[in-house]
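Undergrad: Chain by chain, the residues:
Protein chains: 4
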Amino acid sequence: MIVTLNKNISKKEIDELIKGFKDKQIEAEFIDFNNNKLLLLFGETEMIDENALSNNEFIDKAVRVSTPYKLVSRNFKEEDTIVKVGDVLIGGKDVVMIAGPCSVESKEQIDEICGLVKESGANILRGGTYKPRKSPYYFQGLGQDGVKYLVEAKKKHAIPIVSEIPSIEKIDEFKDVDIIQVGARNMQNYELLKALSKIDKPILLKRGMSNTIEELLMSAEYLLKGGNPNVILCERGIRTFEKATRNTLDLSIVPLLKKLTHLPVLVDPSHATGNWELVEPMSLAAIASGADGLLIEVHNNPTIALSDGGQSIKVDRFKNIVEKGRKIANIIGRDIK
Amino acid sequence: MIVTLNKNISKKEIDELIKGFKDKQIEAEFIDFNNNKLLLLFGETEMIDENALSNNEFIDKAVRVSTPYKLVSRNFKEEDTIVKVGDVLIGGKDVVMIAGPCSVESKEQIDEICGLVKESGANILRGGTYKPRKSPYYFQGLGQDGVKYLVEAKKKHAIPIVSEIPSIEKIDEFKDVDIIQVGARNMQNYELLKALSKIDKPILLKRGMSNTIEELLMSAEYLLKGGNPNVILCERGIRTFEKATRNTLDLSIVPLLKKLTHLPVLVDPSHATGNWELVEPMSLAAIASGADGLLIEVHNNPTIALSDGGQSIKVDRFKNIVEKGRKIANIIGRDIK
Amino acid sequence: MIVTLNKNISKKEIDELIKGFKDKQIEAEFIDFNNNKLLLLFGETEMIDENALSNNEFIDKAVRVSTPYKLVSRNFKEEDTIVKVGDVLIGGKDVVMIAGPCSVESKEQIDEICGLVKESGANILRGGTYKPRKSPYYFQGLGQDGVKYLVEAKKKHAIPIVSEIPSIEKIDEFKDVDIIQVGARNMQNYELLKALSKIDKPILLKRGMSNTIEELLMSAEYLLKGGNPNVILCERGIRTFEKATRNTLDLSIVPLLKKLTHLPVLVDPSHATGNWELVEPMSLAAIASGADGLLIEVHNNPTIALSDGGQSIKVDRFKNIVEKGRKIANIIGRDIK
Amino acid sequence: MIVTLNKNISKKEIDELIKGFKDKQIEAEFIDFNNNKLLLLFGETEMIDENALSNNEFIDKAVRVSTPYKLVSRNFKEEDTIVKVGDVLIGGKDVVMIAGPCSVESKEQIDEICGLVKESGANILRGGTYKPRKSPYYFQGLGQDGVKYLVEAKKKHAIPIVSEIPSIEKIDEFKDVDIIQVGARNMQNYELLKALSKIDKPILLKRGMSNTIEELLMSAEYLLKGGNPNVILCERGIRTFEKATRNTLDLSIVPLLKKLTHLPVLVDPSHATGNWELVEPMSLAAIASGADGLLIEVHNNPTIALSDGGQSIKVDRFKNIVEKGRKIANIIGRDIK
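In order, the protein sequences belong to chains A, B, C and D.
With our numbering applied, the first sequence corresponds to residues 78 to 414, in that order.
With our numbering applied, the second sequence corresponds to residues 78 to 414, in that order.
With our numbering applied, the third sequence corresponds to residues 78 to 414, in that order.
With our numbering applied, the fourth sequence corresponds to residues 78 to 414, in that order.
Chain A with its partners taken away, still in its complex shape (with noise of 0.2 Å):
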């Protein structure tokens, strides 16, 4: 990290930063350059919150070299990690279809939809049971008996499963559950990362709406500090300026999450478009930006249903979309299976 100093400061004063740096084990240089002072701090620069330095009424700008997190990094572990779920690997060559509805309706709709993904090419099945809506007049997802019918889906079809935890009393409840999904309002609920980061599941850990990468990947420190190493990051659509899409959807950081992290990176095309006529281009467009595996919402409702989400496509797009994905996946050495 790179301090610059007020001009005016002291040489007792920058003695005093100096010792007060090296009293939390950062080793502080001071260099005067051209009437410019600066201190550079080497050691265990992550553990410093450049935000409350750069606010010290010595201290001009303070500027981190390298990055706020550490276990997350690929500078610390270059190999990448593979989380493995079942027989599935997520973050390795395949490129991993996750798939299911918004929310589990009932027992018969979960098990009936599970069959029919897992035959159009899902690795593994996904449902809402715990939904948080902005709304308390929505429905709020069947909760306990949700995940029940999910477990017996999962059991009946033998295909891992996913679903999103509301908060850290229901750990319990998930017991069953193959994958625990962070939502992205979750994100930075730090202490159900820390709850999380004791359990021995893998964690699908979607980033914030209006989250940046690196307090993503911060999250994902809380999670590989407290000691759990399995976690999948998600990118789902941010909140900007534009309403023709729900979110948008911000490919770009996929690559570049590629490069900083090991984790693997997935990608939610249907909660970033929140439009089921771009959920296909967007996922062969995820696949080609490198994604390690995409979320779809996937329902099979032949009527007019008031409370289906507008993002879900259908049974036979969803197997094109494996279908053409694969070639993609092909084409820039990957695979799905």
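In short, the hints are calculated from the structure, not lab data.
It should be emphasised that the depicted structure is a prediction, and the values quoted were computed from it without experimental measurement.
Be careful, since some hints might not be right.
One copy or two, it doesn't matter: identical chains are merged, so the pair holds either way.
[Said to hold, decoys possible] Computed cross-link-like contacts, DSSO-like style, restricted to lysine-lysine with a CA-CA straight-line distance of at most 30 Å:
hint, residue 1, residue 2
1, LYS170, LYS252
2, LYS101, LYS84
3, LYS89, LYS336
4, LYS114, LYS320
5, LYS84, LYS302
Assemble chains B, C and D onto chain A, guided by the hints.
TA: Showing chains B, C and D alone in chain A's frame:
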């Protein structure tokens, strides 16, 4: 709600849609004008998720005429909600001054600062105990001890206190905290909101850094619907492209919220700007815009504090804000006690 | 357009409103349902500024049912517009590759790079001549000389060229430039658009860094309305809170634009990401998303160039993109020539 | 500027970099500390485009210590710039009130409104003549006639006028306009800025709807560098995710700009909010935040005007703002004449 239909919709499909709405206790009236087909919906339309509607294959667009929230609305309850905390009335004629340190750091620190801010005009003491920090390596707050020291300061100095709750499990620990703050990162933590709607304590609900006014009001609706009418809203800056300030303080929503809802509206200029030099002008601006109170970070640290947040001001500056702020409040027919 | 009226509006005021619309050739039909008062407007509603309407004291809300644009709309003209530039067809089956340096730096540089990119698969040469730079101290382009060198390269290598025009006065200077680019900062420079609508040359209209799809289409409408049907749209990244990439490439608008308009849609992954390492994955993703072409910055600089934009790639990487891109294009029924 | 180098850079490459900088009159000092390699640059570093630098293959990061602008900086010129327009001083002790209609609609309208706003406390008259409208179908302003009527009102009522210039060719037409406004959409129209830097008239430079403070100051730098010192900055709201107001008024930049630059800073609450009900509270807040003046839209339309902008207030409300605003100005040591 007004629903525009696909031009090719058949009579039979229209009837099915109308029946679908009727099953949800919503009356739907069909209108065909100039080859445009519309459904006008009335009844408890806050039950309807318009996003889901908009994506039904026979529906082009769904537009709300009434608000998606109800209990928090000025239409539902015209008179201002005044939240009583000890002798302090929030939402009444007086602009309420809430001040204190970013974090409770020790028994002595919070005791000293409590005395100072009370003397300088603070009506309520604030202090962070569990701190949501983006890095697991940063100081996370004193936790339970912090709460203890804060409560001791409250008792000694006879001043109400507010502190941010990190998760549901801590509700009991906060039993002597007068106002429970839901932080920006938890504004859409609906499990937490549901739990807090069941307790008998005022809730200070901060706007999430990328949440709309509508979403803020919907989160407040969770609290009122669950049974807790004592909700205080707080603007604390939103995330935008501009990085010269930590967040962009959105003062325009103060008068807009006062029009839309009967709930009190506070402003936190410290977190919004992240820069102590901007706290005074933005505090005065917030009062001029019609805020019901301010949340200001004040420190008492005479030396170089590496951990000190750059947005904190010294006690004498706070006193200055109270004095000028009172004069501005008087001009718009309000006061500061 | 649907207009919801104030509940207290009188019969007389309604009649005045209806008359006001009639004066603008708009038919208005009044509907009173369940104590909600509406006006349904039909006719050339693109003439109505709904913002102005929404603020009339008797009007609560004005909602468009049809689009605010007309000539650019897929509803108005169903078949794709194909812009012909020499032998190159933009908007047809082929994905068009446009490549070249950020700036024309010398006669030799543009000559050399033109030969190289043409050989590697470029269909059109790009090169900046007047550069809009945020600082008056940065290199502003070669101006008229740059245009001259670009035209010479065009003639020698028999390849069409595109360059950005800075202002109306330069239109004559650009007479041998095949496609005139309107840069992101000029997307809403309506005087420039009006002038360009009168010339007989294709216009490449880049999306402004914080403009919506609707605004992009409205700017294109200025060109078509003025008489120039040969408009090519281009997504080049939008400004968001995320600073890890220069802009956020909004690929989802590619399939959305293809649905809304008949005009061709290009993508510029170089300016969008500002990072050469992301250009290849984002180029492939753009093709997979359905783009009609790419605009890529390519440099030929073998040494340390301090003025070199970080988003430029080397020629061999460009060749690689063309080759992989062609295979991806084939999978979705397209080609690269 | 501090440049961090790639760890694998060789001695020879470092020397080449240093020589490259020297060729641009920049001194570079190499430092190797704890295996981190740095170059410290001094001299006229505003000449260096740090984005370009950051992407050189041997350079990791380039960080400015000094500002990228110079002439507009408070460091360069400490005392406030006061722009004199007739008898009105902008940037001095008085908060300047600029008021008038959105558009000049007729000779009579601007004459009447000019008299009314002057009487109510306006120091300068504003009026749109060439209106940048997102749709080619909307009213585009009276153009040359509008300028003529505005100048007539100026002469009759003896009040300075300000109007927005659409493009370079109109400079002559604006010869009797006292202050030339560069609209938000033209803030980065550098050809226009260069032309206006050569004329002897104050320029009112509005912040672009998605431009940073730094970019605003860089655009002002174009004007000062070209020879025009009479530049007035104006905040008019930025584009964010929040759509409940037309733009988000960013008042925090007022005190920040006053610290960074010696130029006057105005606020336009009408365009920022797009809502007449918010104009008064935001006007008072702007004064409290330290603005040097306000730009307010006022209309005199007693009947239902379909073309009337929703952000315009009536004259009596404007008078009210002037009166309360004066009292608030007094509290912070300023005045309104």
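Undergrad: Take the hints in turn and mark each one as holding or not.
TA: To see whether the hints hold, each was checked on the structure:
no.	hint	in the structure
1	LYS170 - LYS252	within (28 Å within a copy, 51 Å between copies)
2	LYS101 - LYS84	both (24 Å within a copy, 26 Å between copies)
3	LYS89 - LYS336	between (43 Å within a copy, 28 Å between copies)
4	LYS114 - LYS320	between (47 Å within a copy, 24 Å between copies)
5	LYS84 - LYS302	between (39 Å within a copy, 27 Å between copies)
Violated hints: none; the structure is consistent with every hint.
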